[in-house]
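Student: Here this note's numbering is used: the first residue of the sequence shown is 7, the next is one more, and so on.
Hints in this document: simulated from the structure, not taken from any laboratory.
Note that this is a predicted model, so its numbers are computed, not measured.
C-beta atoms are modelled at their ideal positions from N, C-alpha and C, and glycine is treated no differently.
There could be a bad hint or two in this list.
Label-pair restraints from in silico Cβ distances [unchecked claim]:
1) Lys95 with Arg160: 15 to 21 Å
2) Val211 with Ala83: 22 to 28 Å
3) Glu137 with Ala174: 31 to 37 Å
4) Ser105 with Arg203: 17 to 23 Å
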Amino acid sequence: REPDDDRSVLGRVDFPVLVVDGERLALSVANLSVLAVVRFCLSDGLVQQLLSIGNRIRDFQRVQDRAPTISTVDLVALVEHVTNSVNEKYPAARLDVESDVDEPALETDKESLELALRNLLENAIVHNGTEDPLVEMRVFETGDHQIVFEVRDRNDRIPQMEIETLEAGEESALQHGQGIGLWIVTWCLEYIDGELRFAYDEGNVVTVTLPRGDSPQDSDA
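Start from the sequences, fold in the hints, and give me the full structure.
Tutor: Here you go:
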């Protein structure tokens, strides 16, 4: 399956665009009373939810509109940047990060990996339902020189239907609560030959596995 297939799916999602584009949103509610609009927008934090979706789509479009650039990425610096960014956005969240990688250099597309990890962490936070959600991320290397990012939460199990829909690449994944963030993760990993797996152990365990590529040490050998 080519990455373009996923892009065409997201390209047909008009709902988040209506949220981001204030003018078109105003037109869509022009015939409603002001009171009805206010009640609608305030119900269940809808505005914040929709703006968050719109921001995710905008970030995705920014990454998809450029050619992937493979470079040497410092895993330690990248993970620190992503976790700091997520902590700034969700200051009440607790992010517990553990890294066990001897050689931090990874050959990959930095922006795609960064966007995938950020969406994984944010997804775990927003679907937690507590005031101070705990999310754990462990980074380690396997015996066959693959890099693994393991993200654990304390949330309810991600429905199997949503996981199967993501794996099948069906458009209906975007209709579910987890769909937007996990779909973006799935698409980003298509670009960098990554693998996404799901498990459950007193919370969701979402694992991203990447090939290391040619490290500087390999090049000198």
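Student: It remains to establish, for every hint, whether it holds in the given structure.
Tutor: Hint check:
1. Lys95 with Arg160: 15 to 21 Å: holds (19 Å)
2. Val211 with Ala83: 22 to 28 Å: holds (25 Å)
3. Glu137 with Ala174: 31 to 37 Å: Roughly 36 Å apart at Cβ, these two residues keep to the hinted range, so it holds.
4. Ser105 with Arg203: 17 to 23 Å: With a Cβ separation near 20 Å, Ser105 and Arg203 satisfy 17 to 23 Å, so the hint holds.
Of the numbered hints given earlier, the model fails none.
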